[in-house]
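Visitor: Residue numbers (the working numbering), protein chains in the order written: chain A, 40 to 180; chain B, 131 to 450; chain C, 112 to 364.
There may be inaccurate statements among the hints.
Unchecked claim - Derived list of chain B stretches under chain A, where covered just means 3 residues or more per stretch with a C-beta under 8 Å from a C-beta of chain A: (1) 303-312; (2) 359-368.
As the list claims (entries may be wrong) - Just a few of them, taken from the derived set where beta-carbon distance is under 10 Å, the chain A residues facing chain B: (3) L52; (4) P53; (5) S79; (6) A84; (7) L89; (8) T93; (9) Q100; (10) L165.
Since the hints were made in silico from the structure, they are not lab data. Keep in mind it's a predicted model, so treat the numbers as computed, not measured. Ideal Cβ positions, reconstructed from N, Cα and C, are used throughout, including at glycine.
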Amino acid sequence: MTLHIRIRPNSGLPLYRQIANEVKAAWLRGYVRPGERLPSVRELAAELGLNPTTVVKAYDQLDRERIVVRRQGQGAFVAGGDEPLLPEERDARIGELAQELALEGRRLGFSEKDITDLVRRKLLELRPEEGGAANDKRSTP
Amino acid sequence: MNLAIETRSLTRHYGATVALDGLDWQVPVGSACAFLGPNGAGKSTALRLVMGFTPPTRGDSRVLGEDPWEMSAKTRARVGYVAEQPILPPWMKVGALLAFHRSLYPRWDAALERELVDLLELAPGKRVSELSKGQHRRVMLTLALAQGGDLLILDEPGSGLDVAARRQLLSLLADFLGKEGRTLVFSTHIVTDVERIANHVSILDRGRLVANDELDDLHENVKSVTLPRASFDRARARWEDAGILERKLDAHVAELVVRRFASHGQYVLRDLSEGPVTVEHGPHEDVWMGTGGEAAQVRHMALEDIFLALTSGEREEAVA
Amino acid sequence: MIALLNLFGRHQVKACLPYLVLIWIVSFVGWWKQASWDLILCLALVVLGLASCHVLQRASSRQRMEYVAQLPFTSRRAMLAPYSVATLLLLGAGALLHLHESTGAAYWEGIALHRVLSSVMRIGELDPSVAWHARPPYPLVHFLGFPVAAFWFGTLLVESLPRLLAAPGTVPGVGVRILGYAVAGLGLVVPPWLFVAGVLESDPALAAHVTPTLAGVGGVLLVLSLAIARGLRARIAANGVDGFPVEEDTWQS
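Next up, chain A with everything else stripped away, as it sits in the complex:
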């Protein structure tokens, strides 16, 4: 299992969000393939020493974001990239994040250029290795 999840209990970000983010990052970077089976709730909870409900919450979040597909009785599978997000959902989500970034960036005193450079750097880090889910047609604006 190439999925390596690191969590920091005291960092302020809820644990389930951290797990969801780690899975999402792995998905974007291509460390997990579409159709690959993720560890069961019980397995992952035991491995990380976490309350299973935390893992359930993470998987629910990933399910909502269409990154993971839950199949009754079989577990959670990485989405194949063929379950599209509704366009309104996509716009709202990315718009929200952009506004937060803009506000916080300005509040902290970053210039427009700084902020766009930062975004560019982050996108670079996420540049997919071959076969990664981010490398599909939907990412072009």
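Since the structure of chain A is already known, use the hints to place chains B and C on it.
Guide: Relative to the frame of chain A, chains B and C by itself:
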């Protein structure tokens, strides 16, 4: 809501000492409840009362619906217990002890027993008196987990264990919680472990509960707030209604730890006398804009800091 | 209850077995050597006493009680069981004593013991004059036997009396421990001294007091032990594991 443990005005005196002072505690079925408190807060006493080892001076409790002091053998078989002290009979061999327990509990999980004996490296041929404290604890844990009960009560399970052993313990507890309808209660003062496994936190201080919430709710409610001194002075009454646990004031800035700061998309300061005071908020989680345009910074607090704030009473530091 | 017997029975039988075997050996040897019942009963008494001590000791720490209390038995009954067992054993010892008396060689029986046992066990009164003046037929055996018996009564007192006197949940204080040792010491020191004084110095006046004094002391110790066992039982019934002081097991079996 189904309660695994429920106490009402539970009180225990030891002569002149009041170990527990009117405890009203509820632990819902299915929760992993961390029972925190400084030394001498009364955690062990509360657990002893809940286990029915000793009767209360006043008040009563219900564990899985029954009075623990009079608990039926059948219900007792559903409650697993791991003491902080070594309590197993020293003259018995580990193997004999496992066999003895196997015969006592109808829901004994033999497969899990084998797994744990292996994983925790138990030596069935050794006498309990020959075990180290850590090994003794591992035997107690095996007995409690293989028992197949619905409620597991652990008294300071992490004490005396190194980091690796604590992680292993957390893993086992996470596995225990994987099954429906299981409740975990553990007392600890190692707060970092709590964040991983607990979804419910009860904090005891000097015999009384100072918090009894879902962990997420506790984080939502207890926040560190920094705002301009002038804004604080203007809205002082409202902040005090929200319950100030700690305050540090200087000429320009007020730093507070606030108890009842809950968010519902809009940040609402609970003003109990005047009703909720609604304020606009910036889109970023951390910025709260008051109606007068005052900016404040609201920060998530680590559980350890929340614990310290709740158990040391209100502190005021005036600087300058 | 059967499972309880498992804990204090089957798993304890291994520990109690030696005592039971001892009783059998003693009885057999006694029968073979045609010793008087005196000897046999005396030694059986000692063995029973040791066994009850053993049971009480095994059960007498807070740790042990906490362990038993979380097992799937009705808690209080489980906690009280060893004390019930010990009480039974002591009553058994008392019954033996009474039997001993009725054979006519009443070494142990003093009026005090006789009267108390009669009222506790509701057995009819015997003629006190018979008990009072009988001489022990095996002085040496009794010289050895009594201190041994006193020792076990004594350790019972040393172990249990402090626990009974200490407040629930506390460690027995030095004063209370000294009291335990003092009472035990009485049983150990007084009888042999009196015996020596009476027999070896052939002081008839003193000798006349040996039997009843020794019997009286033995009786008092027996009654005291019984009272302690009952007292501890009541303590636990009211306080649970807090009926025991917080301390490590004083004997490691």
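Visitor: Indicate, hint by hint, whether the structure satisfies it.
Guide: Hint check results:
no. : hint    : in the structure
1   : 303-312 : holds (count 5)
2   : 359-368 : violated (count 0)
3   : L52     : holds, 8 Å
4   : P53     : holds, 7 Å
5   : S79     : holds, 9 Å
6   : A84     : holds, 4 Å
7   : L89     : holds, 5 Å
8   : T93     : holds, 7 Å
9   : Q100    : violated, 14 Å
10  : L165    : violated, 23 Å
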